[in-house]
Amino acid sequence: MSKGEIVAGCLAPHPPHLVYAENPPQNEPIAEGGWEQLRWGYERLRESLADVEYDAIVLLSPHWQTYIGTHFLGLPNFKNLSVDPVFPNLFRYHYDLDIDVELAQQIHDRAADAGLAVTMMKNPDFRVDYGAITTGHMFNPSWDKPLVVISSNRSRDYYSVEVMQEMMIELGRVTREAILASGKKVVVIASNSLSHRHFTTESAIPEDMSKEHITSHAMHLWDMRMIEYFRTGQAQRILDEMPEFTEQAIAESDGGGLSWLLSTLDIPTYPGILHGYGTIIGTGNAIVEWPARNHKEASE
Amino acid sequence: MSDGELIGSYIVPVHPHTVLAPEQNEGWGRLRAAYDAAAQRIKESEADLLIIYSTTWPSIIGHQIIADPNPEWVMVDHDFHELGSIPYSFNIDEKFAHAWNEANEKRGLKSRTVAYHGFPIDVGSVVALKLLNPDNAIPAVIVSSNVYANRAETTVLAKACMDVVKATGRKAIAITAMSLSNRMFTKPIEPKDDRIHSLKDDEWNRKILELLGEGRLEDVGQLSRTIHRQIRVNKVVAFKPMWWLSGMNSNRNNLTGEVLAYEALHGAGGAVVHLDPTPSGTGDIEYDEDDVEYFAGERNVLDGDQFETQDIESLKVEVPLGKPQKNGPALWEPTESKDSVNSEAAPKPVGAYPHARRVGDLLYLSGVGPRQPGTNAIPGGPIHDGDGKPLNYDIKAQTQAVVDNITRILEEAGGTINDVLDVTSFLVDMDRDFQGYNEVWAETLGQVGPTRTTLAIRALPTPIAVEMKVIAKAPKTE
Ligand SMILES: [Fe+2]
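Heads up: the protein sequence lines correspond to chains A and B, in order.
Residues 19 to 318 in the numbering used here are what the first sequence spells out, letter by letter.
Residues 224 to 701 in the numbering used here are what the second sequence spells out, letter by letter.
By construction, these hints were calculated from the structure, which means they are not laboratory data.
Don't take each hint at face value.
[As the list claims (entries may be wrong)] Pairwise CB distance ranges, derived in the manner of DEER restraints:
| no. | chain 1 | residue 1 | chain 2 | residue 2 | range |
| --- | --- | --- | --- | --- | --- |
| 1 | B | Lys430 | A | Tyr72 | 16 to 26 Å |
| 2 | B | Ala665 | A | Glu180 | 51 to 61 Å |
| 3 | A | Tyr176 | B | Val370 | 14 to 24 Å |
| 4 | B | Lys329 | A | Gly51 | 30 to 40 Å |
| 5 | B | His451 | A | Asp258 | 52 to 62 Å |
| 6 | B | Glu426 | A | Asp162 | 50 to 60 Å |
| 7 | A | His112 | B | Ser268 | 49 to 59 Å |
| 8 | B | Glu267 | A | Asp127 | 52 to 62 Å |
| 9 | A | Asp258 | B | Ala519 | 39 to 49 Å |
| 10 | A | Glu61 | B | Glu433 | 27 to 37 Å |
| 11 | A | Gln55 | B | Pro502 | 17 to 27 Å |
[As the list claims (entries may be wrong)] Short derived list, chain A residues pointing at chain B, Cβ under 7 Å:
| no. | residue |
| --- | --- |
| 12 | Pro103 |
| 13 | Met139 |
| 14 | Phe144 |
| 15 | Asp175 |
| 16 | Glu188 |
| 17 | Thr219 |
| 18 | Ala222 |
| 19 | Ile223 |
Where a beta carbon is used, it is the ideal one built from N, C-alpha and C, also for glycine.
Excised from the complex, chain B in its bound form (with noise of 0.2 Å):
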């Protein structure tokens, strides 16, 4: 099965006018068209699943999926009630949806599925599903927009939903269901008088729109906070669609952007945009805001310990969490003896020796690895599962790693990493991991000066794929 990935994105507006009153207003209908161009262009696409970020179904415990296979019942807006009922029977990938909800749990999201009749599919998925995907050909998911969600967290929503499309093979397309601005008329309005409730929100929509235009999806992610101040009242959910679609979009800014419509519906900005993944060339990132793999946010408020951090290499989905201790020689507690210096704050060793050893100024560290203390999980990955079978790892979240066991054994010694004086690295992969070793070197050991000497090993005895050897000043002792 080849890797599945994400074949499209678009953004589309939630009101149900383009579905019940398109013939009332030429904006309306100019958006209408929109959807029905978006449509085609889905259904030549080799598509095989629609991913539906609703920000018009609010949710409080954590992320909800829809998960039964066929929803069906009759949608009626709260507040454009006058323009008619919206009938609606949905194709729904139930085995995704859960899928999904799994690899939510795994990257520490709180989740759940919903697949209850009756269930009140929100208008924003209601119109989106009933104009992109008309004769149902292609299965969809939906997923809600938590209220207290914030941008990790929503982020780590769309790499969860990413690991499942990789796993699984698909052709995805992700959809946002949103409003830009969403300020409306708060009187009812004769449909000829439709128009952007003010100049200030229609400038933003027109600037959030170019981007968009050309592709840089990150960038108004980035923005998200300050759209959201800018031009939209504080309903139950803040602008977080983008956060999410830049999340399912690999964080890019180089996508090619194509707005097909942008009106006013009943004073809010509702627009069709099309984002390929094709690079547009434009747009380098420009990435500030951090890159979240799993989320370990204040949702504890029950249990103390209900969303333990897991390593990153547990969260592939349908790889067999093997257990750290088969994967490697057992440990030992570090040996005590005259000037041993030992930490709880590093990895235990692997063997009976101590992590360091004072002799007169000098203190000689045992080779230090990138295993983590307590949980003895490896940043960047094992190079290597339970079997031997080679894995994909990342050199420099191991050496970074290393870096700061170096750091906290000469912490606890009284030092600093200031006091390194000499290192030697063995590295089992010279080719793949030198370069990568190196950079991280250069941001941080590099800038205290030791000597260095850098070997290639044939292995180390646990999965790790970099290891120091250190001296260091020994601190003054009183």
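Next comes chain A alone, as it looks inside the complex (with noise of 0.2 Å):
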């Protein structure tokens, strides 16, 4: 068997928003559009990995979040409603997807045997999570590949961000490790946005982008420091300043996600590319590629 590889890493938000914005058949409520540089993002991303040929995505979502370890879903499809509790005027989707099953259970496995706490999902009446949904949906609409979606422990608001980020990172090593003796080509997806404070009022049209900017200078601020690492080349850098990025800036990286990617794709010394910024109701977003398939020679 061929070895396996991970041709990109990306780190790719989530907020409903962006699929509300795009009015794709599945999603009930109906948008003037908004958000754009976002989408637009978004679409450059997904030009950028147009021609590579891939068989699945690995994606950890925030808002499947559990307390007793780290969870995969564990059947071949799902499929049902997904409202979102928080914004259910603008996320009622109809989703269809469907799970590599195999390589779930080979990083469950690995992570099990790396002393982890895993568990395998595999109630059939279980609700996969929005922001699992709107990054899969914004990151491949047709939905023709099969991801692997696995839990936000939060180890954190156990621990602290030191703890979640040892955890997160030998989860992204094992998980790593699984792909590549998987023999698949995968994506690697981290789902969170940077910066985290909200609005706590929506304006009575949801897409009137002349109401949208960042929460304030200093979440701006924090944003563009870590922006400039991930287009350096600073993995590093940032999982150092994960616990004040994570703090001050209210950040979503609280979930493990971008720990968790940085580890899968061993600390990248390579510039990621920024394909967009926005805010979303004041939270930082950032969609990011790492060419990982550029760069074997950096990590072998």
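Could you use the hints to bring the two separately framed chains together as a complex?
Here's what the structure looks like:
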């Protein structure tokens, strides 16, 4: 069997506003557009990978929040209606997604061997969280690739950012090993925003872009600092500053996705491609791709 | 229709074990038995509405209230999916949900109703309604827990809810779906091995339950932040439910409490507690924190003028908002003449006169009432509506507002409240109001020490209950 490969790693945020603004047939509400900067960013990300062959998408979503270790979707298909409990006015999406159970099980088993608490989720009534669906849709609207969906272990809540990060770096390492051993070509995706302080009001027309901006200057500075590290291949600095960033920017990296992602990419020293940045109800969101397929020598 | 009221409160655990696996662990079984006992009590009461505040439904844009009359779906817990699925079909009081939403907005809260097919009712609400209301006999409402809400906002949420309970004559039961300590084991465990995660968590839980057993709900509410720091993992929602429940119970500390069960659920503290409004005689109220009537906090990120503070009277449900100008005479600009002292910070006159006039070393103030400068609102509420129908009002709030207005006028003249020499007070209802007026006096002008004369009169020109005529020392002029 040929050696598996991570062809790209992506930071791909999931506010449901993006799907809402796209008006896909699966989503019930109708929008007049909005958040174009980010949607164009997703478009560039899709273009960037259009000619790249891969077999599966491995995605960590912060809205499947588990307190008892890390869970993996463990059935071949999930089909249901996902209604966002926070923005039900924007997101009521009929999904039908396939899971690469084999790969999920392989990552699960390696994680278990490494001493992490892991569970395969095999309840067919389970509703997939809107974060995974939003990122899944924006990344691949045709849904023609199977996914591995990994829950967000809230170890940061139980312990600290440092402990969370240790666990997520370990999970990233075994995810990488499992992918390389699987013989599959895979895109890995962390689905999270950067700074994460929301507005607590919503304008009458949610997509009214005259109301959209970052909640505060401090949040902007943190986002730009992180983006600078993304663009200059300084993944280690991101990990080093993760505790400060997560706390001061109330960042959604608290769910562990970003730390896990950088670990699956072996802490990249090559630049990430910034495909887009924009705010959504005040939170900062960047779409970034690490084109690992072009830097194989860097990690072998 | 008789006045509505809260006839009971329950605190219940959120995890699905009590529904799906009560037989797997004796403690889970005891929690289930307590749930069933609570359901029986509710059934035997005259309750006609269940109100659930759920800590497992976080919201960001204010509070959300379920308004789908019949939400139906299948709930699977994010962690405990191996225990199985819980299909649900609930009976929601849609009208009450909308009225509560409106009452929230009247009290300055951001709020919205939610009525979408397939909306995921949270695990805490599903478990609580399944077990407390098994045959859907009593309609329910469910409210979210806002992740950014502080105590003021959460308290006002309860008051708005009680506005509607009272106005619609309900016999309501308030329910908080919550854990006490919420630290769970971070690895799967065998059911038989379940216990409270740590001794410290267990000790705190027992202390909370001791207070609740004594009916001291407001004490627990005021300990919320401490409890959160001590035994709560920083999940999305902080330990807020006791603020809401205490607000629903008029911040009382002398309820009759009974702990029906306390057990571990995968390490977290789960309890079923019944709080009856019958005064227990224990626990005098020691009220430290502000009692908030409307929310005026930082929620205006988008528009500066979205949530204006409203006068208290307008908060009452089903009372039309009388235009203040209609209720009383027209307002005038204060007259300007030599020696007159007028203040933008004092309410506008109701005739052609200044706020104050200086004569030699003395400052004579025109009669000062409680109306608020700018809005013309009357703190404590007007004494009658635009049609002359009497209204309930708060004499202490009115008196305090008079003193505040006097202070502003004197400060505008360059002096202070300490310059007041002589006061003539006018009350429209001496029997009803003298005591309250006198209490506020003692705390304010009584400390300054002017001479005082208090008169009963038939009426004042605006719908107020108290006015003061003041002579003060004039500040030194250069
Ligand atoms: Fe999110």
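Cross-check of the supplied hints:
1. B:Lys430 with A:Tyr72: 16 to 26 Å: violated (56 Å)
2. B:Ala665 with A:Glu180: 51 to 61 Å: Because 57 Å falls inside the window, the suggested range holds.
3. A:Tyr176 with B:Val370: 14 to 24 Å: At roughly 18 Å between Cβ atoms, Val370 (chain B) and Tyr176 (chain A) fall inside 14 to 24 Å, so the hint holds.
4. B:Lys329 with A:Gly51: 30 to 40 Å: At 34 Å between Cβs, range holds.
5. B:His451 with A:Asp258: 52 to 62 Å: Roughly 30 Å apart at Cβ, these two residues miss the hinted range, so it is violated.
6. B:Glu426 with A:Asp162: 50 to 60 Å: Because 55 Å falls inside the window, the suggested range holds.
7. A:His112 with B:Ser268: 49 to 59 Å: Since His112 (chain A) and Ser268 (chain B) have Cβ atoms about 42 Å apart, the given range 49 to 59 Å is violated.
8. B:Glu267 with A:Asp127: 52 to 62 Å: holds (53 Å)
9. A:Asp258 with B:Ala519: 39 to 49 Å: holds (42 Å)
10. A:Glu61 with B:Glu433: 27 to 37 Å: violated (60 Å)
11. A:Gln55 with B:Pro502: 17 to 27 Å: Violated - the Cβ-Cβ distance for Gln55 (chain A) and Pro502 (chain B), about 60 Å, lies outside 17 to 27 Å.
12. Pro103: Since the shortest Cβ distance to chain B is 6 Å, the answer is holds.
13. Met139: Interface hint status for Met139 (chain A): holds (5 Å vs cutoff 7 Å).
14. Phe144: holds (4 Å)
15. Asp175: holds (5 Å)
16. Glu188: violated (14 Å)
17. Thr219: holds (5 Å)
18. Ala222: violated (10 Å)
19. Ile223: Hint violated; Ile223 (chain A) Cβ to chain B Cβ min 11 Å, cut 7 Å.
Checked against the numbered hints given earlier, this structure breaks hints 1, 5, 7, 10, 11, 16, 18, 19; the rest are met.
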